[in-house]
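As given, the protein sequences belong to chains A and B, one line each in that order. Each residue of the first sequence is one higher than the last, beginning at 1 in this note's numbering. Each residue of the second sequence is one higher than the last, beginning at 1 in this note's numbering.
Hints in this document: simulated from the structure, not taken from any laboratory. Note that the coordinates shown come from a computational prediction; the quantities given were computed from them, not determined experimentally. Where hints are given, some of them may not hold.
[Said to hold, decoys possible] With a straight-line Cα cutoff of 30 Å, these simulated DSS-like cross-link-like pairs (lysine-lysine) come out:
| hint | chain 1 | residue 1 | chain 2 | residue 2 |
| --- | --- | --- | --- | --- |
| 1 | A | K346 | B | K99 |
| 2 | A | K199 | B | K99 |
| 3 | B | K55 | A | K346 |
| 4 | A | K155 | A | K281 |
| 5 | B | K55 | A | K329 |
| 6 | A | K145 | B | K55 |
| 7 | B | K55 | A | K67 |
| 8 | B | K99 | A | K155 |
| 9 | A | K314 | A | K155 |
| 10 | B | K99 | A | K141 |
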Amino acid sequence: MPNTLNRPQNRRSLLKAGLAGAGIAAGAGVAGMAWAAPAPATLLNVSYDPTRELYKAINTAFAAQWKAKTGQDVTINQSHGGSGAQSRSVADGLAADVVTLALAWDIDALADRDLLAKDWQKRLPDNSSPYTSTIVFLVRKGNPKASRDWGDLIKPGIEVITPNPKTSGGARWNFLAAYAWALKQPGGNDAKARDYIGKLYRQVPVLDTGARGSTNTFVQRGIGDVLLAWENEAHLSLVEEPGKFEIVTPSLSILAEPPVAVVDKVVERKQTRGIAEAYLKFLYTPEGQEIIAKNFYRPRNATIGAKYGGQFPKLPLVTIDGQFGGWRKAQATFFADGGVFDQIYKPK
Amino acid sequence: MTTVRAAFAWRRPSVIPGFGPAMGFTLFYLTMIVLIPLAALALRPWEHGVAGVWKTLSDDRVLAALRLSFGAALIASALNVVMGVIVAWALVRYRFPGKGLVDAAVDLPFALPTAVAGIALATLYGPHGWIGGLFFPLGIKIAYTPLGVLIALIAVGLPFVVRTVQPILAEAEVEIEDAAATLGATQWQWFSRVLLPALTPAVITGFSLAFARAVGEYGSVIFIAGNMPMRSEIAPLLIVTKLEQFDYAGAAAIGLAMLVLSFAALMVINGLQLVAARRGSAR
């Protein structure tokens, strides 16, 4: 709907640009140049921590495709950080044409501030998540502490690295994956799951503010025995430091759906809705999905998923809606002030 | 009319020309840069009333963080006073090869982005780092503990002490030292009765600058602190955490508490300075 509202304005500015262009060209006496390439466009994609490499590849491919299709040059700037921090930056006025964050809650928070429509998640296929991922363990070569499943992580002497769920989206997925595993154990209930999660966080020596920070703590600084990591981030570490780490797939994890959305308020002001929407739709094309799989995110496209199937082991995955009643509820129960996470650190 | 003029007259500030524009500019500048932002901070936390602010500030975790931030800043600036005076002394009194480089190195913590300093310190003092690796077998963990916070605060505060003390030391002429010696003063008497009184105001200024900087330091600490609630979580991190949950009022409440505490600390330090100055002039 905002699309149609926008159109007359677009046409007017196009007309203006055309007239101005014609004027200049006529003045210069080169009428043939009046219809040269349209003015270059700039988009800002505000994303979460571990997507740097993914969007670098996507941006190059999309810019080439857009240029071939429309003749317009487009530059896509990327901004990365903890998902919550990025969401707040946008809420505070960072002019993001599109947001590609770690979890729906961080975009819901923007919808609550009327930056985009409340039903944003229904505007693109698959809950607006063109790729999924899950949480796995990254351990040191040979898995010296034999950490094979969630239950092993609370054994004495094991150090677990995970970021702070208050500031990091990935950390919230980590937390909920662990919690879901504890719930699904024989005789599991909320009390037992809370007990498990409390023990788990007592094995954590450092709480970084973002997923990339935790990866650096584990990989570069050599702290900890197990890193709870995005699957894509774990694969990236294997590529960057070959032979030093291995991935352990736990018996159960969570289906992480990092969603994408056009920020209505921003694209209306900058008149970039068309290109911003094309950019996000590009993620769903076979070309986009292939780049996604190459960067170790699980693609939605079944054909490409099958092609890269070897790097994505099958494991039971709980969902945020099925297990925890959606992000709003999970956020309030677990991560709000005084929630389950805060209780862990309450002095007895 | 005349009474108004009279009221002003006793306060006529200065006969030096240009007072009006200079004062006007000063007030305007301070208002834009300091007073308005601080006023905004002071107004922000009251969304949920006094009870809301109290609830935020009386939380164990917030109290632990404030204790750590102010405690570590106090210790770090106290250590910096001792070390800073020694460094300044070495730089002023001795000539040695590479002095220029050493002198420049003191300023590095000013110039480096704090995050760079933090990452470098965390790597160095981590259990597998050059320095941390020496202590780790002894059971002493530096990075990711409150000790790590202290190291970072010492690093960012050092130049403040050195740079305020250095010029005063340079001015304390060797002739005065010789004069004291000819009058029969021992080395210790010269140090405690001649040099120290001259140095005290500068040392206190250096201390308060280092302290103020350390209390609010975020960038470098965050990488080395470990950020564990109740243990190694600094107050500025809690502010950021609250902001990221859109709890602007809670964040502002902690900010305001830090402001008030810092202000009180600096007032005490200024008072000490006044006492020191009076004692110096009475002598």
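Against the structure, the hints:
Taking the CA atoms of K346 (chain A) and K99 (chain B), the gap is near 51 Å; set against the 30 Å cutoff, the hint is violated. Using a Cα cut-off of 30 Å, the hinted pair K199 (chain A) and K99 (chain B) is violated, with the two alpha carbons roughly 53 Å apart. Between the alpha carbons of K55 (chain B) and K346 (chain A) the distance comes to roughly 15 Å, so the proposed pair stays at or under 30 Å and holds. Under the criterion of a C-alpha separation no larger than 30 Å, the hint pairing K155 (chain A) with K281 (chain A) is inconsistent with the structure, at around 45 Å.
Taken as a hint, the K55 (chain B) and K329 (chain A) pair is honoured in the structure, with Cα atoms around 23 Å apart against an allowance of 30 Å. Using a Cα cut-off of 30 Å, the hinted pair K145 (chain A) and K55 (chain B) is violated, with the two alpha carbons roughly 43 Å apart. Taken as a hint, the K55 (chain B) and K67 (chain A) pair is broken in the structure, with Cα atoms around 56 Å apart against an allowance of 30 Å. Simply put, K99 (chain B) and K155 (chain A) have alpha-carbon atoms about 53 Å apart, too far for the 30 Å limit, and the pair is violated.
Taken as a hint, the K314 (chain A) and K155 (chain A) pair is honoured in the structure, with Cα atoms around 26 Å apart against an allowance of 30 Å. For the hint linking K99 (chain B) to K141 (chain A), the alpha-carbon distance of about 47 Å lies beyond 30 Å, and the restraint is violated.
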